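Each chain is listed here by its residues.
Number of protein chains: 4
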Amino acid sequence: MPSGTMAMLETYPKAINLDRAELAAAIDALNDCAQACTACADACLSEDMVADLTTCVRTNLDCADICATTARVLSRHTGYDANISRTLLEACATACRSCGDECAGHADTHEHCRVCAEACRACEQACRDLLARIS
Amino acid sequence: MPSGTMAMLETYPKAINLDRAELAAAIDALNDCAQACTACADACLSEDMVADLTTCVRTNLDCADICATTARVLSRHTGYDANISRTLLEACATACRSCGDECAGHADTHEHCRVCAEACRACEQACRDLLARIS
Amino acid sequence: MPSGTMAMLETYPKAINLDRAELAAAIDALNDCAQACTACADACLSEDMVADLTTCVRTNLDCADICATTARVLSRHTGYDANISRTLLEACATACRSCGDECAGHADTHEHCRVCAEACRACEQACRDLLARIS
Amino acid sequence: MPSGTMAMLETYPKAINLDRAELAAAIDALNDCAQACTACADACLSEDMVADLTTCVRTNLDCADICATTARVLSRHTGYDANISRTLLEACATACRSCGDECAGHADTHEHCRVCAEACRACEQACRDLLARIS
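Residue numbers (the numbering used here), protein chains in the order written: chain L, 1 to 135; chain B, 1001 to 1135; chain S, 2001 to 2135; chain P, 3001 to 3135.
Quick caveat, the hints were computed from the structure, so don't treat them as lab data.
Note that the structure is a prediction, hence the values are computed from the model and not measured.
Just so you know, even glycine gets a beta-carbon here, dropped at the ideal spot from N, CA and C.
Don't take each hint at face value.
If you only want the chain S side, here are some residues facing chain P, beta carbon under 8 angstroms, derived [what the hints assert, rightly or not]:
id	residue
1	2032
2	2039
3	2046
4	2115
Next comes chain L alone, as it looks inside the complex (with noise of 0.2 angstroms):
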């Protein structure tokens, strides 16, 4: 089933520089990310050791920021800049490995931070292969 990302994608009424369903892919995966890390950031605030916490909830912050920025960039083809897309794609790669890595560290403790390490994998991975489309 083609996500609502791919039907509005369909619709754009003039050239795009990249392959339509690669990058509605990687949209999708920054918004489940930005969406997962939002998520993660509240439940540690939740848990009992929150205190053992707040660099995993500092970092879903970062990560879903960073996430839905490039989520919206990655949205506009009008007057599309391809050194914008690339720093931001490395930035953000950048975020869900460090926001992947941490989660993963307490994936077994805690199945938000699992769901949540999941996302952020697979959020870098469609960074990384959109960027190497780019350069």
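Mind docking chains B, S and P on chain L? Use the hints.
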């Protein structure tokens, strides 16, 4: 298939004041609408008749920002404050109504406005359904 | 000294429905509050007693997101829609009230909460002043 | 007069890896640029010649989102991760360069583009100054 949103909600370690499946559906509708509005704003910018679509671009940008923020607020359960959720959902339903009306007015001419109007209608309904549970 | 916000408002090429100086003051209060709440959430995470501050972190995050979105909406004048501005300002004043109350409760113990509470109070007042002009 | 940003930074209860005054200056430049770009995008939409300004609108939207996210990341010190700050500052400097160039090209015709270009130049410099301290 449960969305990633629902998978994360199921891991939240404390009580949530709302039904988790209904909440996940609302968050998904909000994120879908934010994505559609961001894409529709950009598609409008690429239309030759952009001068006739400036109100549509503006309303899309507002709706995207408000939906994204509402999705984040609804994704946090620690220290829940019904007053914030209720007033924000009312603002979000208002923005979705305005954006849905504006896009519907261009739906015959622009496919992106037609798809975006559907996302706005679905999101407005999801906001109103959730409001009925909160108040 | 006029802020950068006022300098930009003075260059808007069409009519604006509100007094530009009052509008600039509200936007500046919103951006200041968003910044204070983002910083206060992080300062709370660094306190040894973070377990007592989780509601404060959560309310800070909500207030930061809502203030930032409200500042953006108020910065757009093309295709102005009073219903969106009004309902969003009401949600924003509600969030600033909640966050100001929460931070005020920690103001004697944490200087960041004292400074943040002041920013929330000022922002709530700016939202209510603007609401009085719109409705 | 110290900005609200500096007032909050002074209350952070642990060590910060960067000079607080330099960091506050960078955060203020980022927030000013985000505000200018949001306003410039909307002012462009209100120009009769909006069809000539669609690349400017798009670049303004990207720059606003990236500057706002970078200001948030730099406002968090708990669990500091230099790799995220560095790559994001590089993306932000790139976006400010692109947006500053685009706006400068319209500065003789549109006062909002002239003012916005100045904000982009100042923000790009602030990002590069901070990068020199981090790497």
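Evaluation of the provided hints:
{"no.": "1", "hint": "2032", "in the structure": "5 angstroms, holds"}
{"no.": "2", "hint": "2039", "in the structure": "4 angstroms, holds"}
{"no.": "3", "hint": "2046", "in the structure": "5 angstroms, holds"}
{"no.": "4", "hint": "2115", "in the structure": "5 angstroms, holds"}
Violated hints are absent here; each numbered hint is respected by the structure.
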